[in-house]
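Number of protein chains: 2
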Amino acid sequence: MTAPPATAPPAQDLLAIKAAALDLLFRTARTANTFTDEPVTDEQVRAIVDLIRNGPTAFNSQPLRIVLIRSPEARQRLLPHLIKDNQAKTDAAPLVAILAADTEFHEHLPRVFPHKPQAKDWFSGADAANHRETQARFNAALQIGYLIIGIRAAGLAAGPMAGFDPDGVDAEFFPDGRLRSLLVLNIGRPGPDAWRDRLPRLSHDDIIHTL
Amino acid sequence: MTAPPATAPPAQDLLAIKAAALDLLFRTARTANTFTDEPVTDEQVRAIVDLIRNGPTAFNSQPLRIVLIRSPEARQRLLPHLIKDNQAKTDAAPLVAILAADTEFHEHLPRVFPHKPQAKDWFSGADAANHRETQARFNAALQIGYLIIGIRAAGLAAGPMAGFDPDGVDAEFFPDGRLRSLLVLNIGRPGPDAWRDRLPRLSHDDIIHTL
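Just so you know, the protein sequences line up as chains S and H, in that order.
Counted from 1, the first sequence has number 198 at position 198 by the working numbering; the numbering is strictly sequential.
Counted from 1, the second sequence has number 160 at position 160 by the working numbering; the numbering is strictly sequential.
Keep in mind the hints are simulated off the structure, nothing from the lab.
The beta-carbon is built from N, C-alpha and C at its ideal position, and this holds for glycine as well.
One or more of the hints may lead you astray.
To give an idea of the chain H side of the interface with chain S (calculated C-beta under 7 Å), a few residues [claimed, not checked]:
(1) Arg-46
(2) Ala-58
(3) Ile-66
(4) Ile-69
(5) Arg-70
(6) Leu-79
(7) Ile-83
(8) Phe-138
(9) Ile-144
(10) Ala-153
(11) Ala-162
(12) Pro-166
(13) Ala-194
(14) Ile-208
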């Protein structure tokens, strides 16, 4: 038997999915800044949601809500809350969504976490509101991670944007306070000059620590 | 030309990646509760990190840190902070990681967001600490979403656990306060009886709203 190589083999050897799929989902995928006119249909959105809906969340809480901005009126209500740099591309995207956390996800727990009937009580009441919001934001963010990869699996590009006023969006779209906006997301086929230069990534030594 | 079908076509038709890959990454993937003895190597971890490292984060902040618990001593320091239900499987998993958010991610911004040299200042100083922690937790959670899918792409199962005492883990492993634990993650090949029954998922109408 020969000794294992002293340097790591190419990463591809260690992955179970073929390179073209991994490129589409991860490696060459990019945040798009322009889009073609091709519509993104409700059927496509449902296929993507079906794909990612089994992704794990704490207590199976699934707090992500996807608010599709389909009408011109709704889009005009959204645009003023985006930073200037994000307004033109969001005005032109085939589909825009507000990704939000449901801070009352616990209402669904008897249905989605039925083996622990007391789970809803862990999050009930005014004194649990902060804990509930923390959990909602964290688990919805996990689901946004799954969603971005799922959008790419549909051959579409995602354009997630943190550059907006969340308080303004919440007041405009979610006045009862139940949903909290986390990101605004443009979805479509990438258009001309859709990509900026790739920004530098941290090194393994920055990310991975071993104890 | 015929009219489009009145009902949505099967979801697979709307997705660009072949079904076997989507099953592995999303559909039939499960949170594993038992693992085989097969080790998870540093090369595999690096391949997974390479795969997901281009995933988008706000300001390219990349706050996720992966602390691999390799030594028996480190594992024994971790176990008491897990809820009872999570201790035996974590003791037996081939690899355990603490996934944490770097609350001082802004130190890296001059390197990873070089076109906006002022970005580090947006997050500097004691009065930005809360904002920084919120951003670190949210963007690290996005990256955990990418990571869980990336682990599956390597043919491995991920077992994310929220059932632990984060203050206890932080005091034990991150006493200087810079990193904050978000999840504990078991990684390996699934073992016997690795799966519980799939829990119910929310419906499209629960998740998707249209304006």
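Point to revise | When the least beta-carbon distance from Ile-69 (chain H) to chain S is tested against 7 Å, hint result | key: Holds, because the Cβ-Cβ distance from Ile-69 (chain H) to chain S comes to roughly 6 Å (cut-off 7 Å).
Check your understanding: Taking 7 Å as the limit, does the beta-carbon of Leu-79 (chain H) come near enough to a beta-carbon in chain S?
Key -> Result: violated, 13 Å to nearest chain S Cβ.
Point to revise | Interface hint compliance - Ala-162 (chain H) to chain S, C-beta minimum distance less than 7 Å | key: The hint holds - Ala-162 (chain H) has a Cβ within 7 Å of chain S, the shortest such distance being about 4 Å.
Review point. Any CB of chain S closer than 7 Å to the CB of Ala-194 (chain H)?
Key: violated (14 Å)
Point to revise | chain S contact restraint on Ile-83 (chain H) - CB to CB distance below 7 Å | key: violated (12 Å)
Point to revise | Supplied contact hint for Pro-166 (chain H), tested at 7 Å Cβ to chain S | key: At 10 Å from the nearest chain S Cβ, Pro-166 (chain H) fails the 7 Å test, so the hint is violated.
Check your understanding: Are Ile-144 (chain H) and chain S close enough, Cβ to Cβ, to be under 7 Å, as the hint says?
Key -> Nearest chain S Cβ about 6 Å off; hint holds.
Practice item. Return the status of the interface hint for Phe-138 (chain H): holds when the least beta-carbon distance to chain S is below 7 Å, violated otherwise. Key: holds (5 Å)
Exercise for review: Would you check whether Ala-58 (chain H) satisfies its interface hint, that is, whether its CB is within less than 7 Å of any CB in chain S?
Suggested key: holds (4 Å)
Check your understanding: For the hint on Arg-46 (chain H), does the least C-beta distance to chain S fall short of 7 Å?
Key -> holds (6 Å)
Review point. Holds or violated: Ile-208 (chain H) as interface residue toward chain S, Cβ cutoff 7 Å?
Key: At about 5 Å, which falls below the 7 Å cut-off, the nearest Cβ of chain S leaves the hint on Ile-208 (chain H) intact, so it holds.
Check your understanding: Taking 7 Å as the limit, does the beta-carbon of Arg-70 (chain H) come near enough to a beta-carbon in chain S?
Key -> Status holds, d = 5 Å.
In terms of the numbered hints stated before, the structure departs from hints 6, 7, 12 and 13, listed from lowest to highest.
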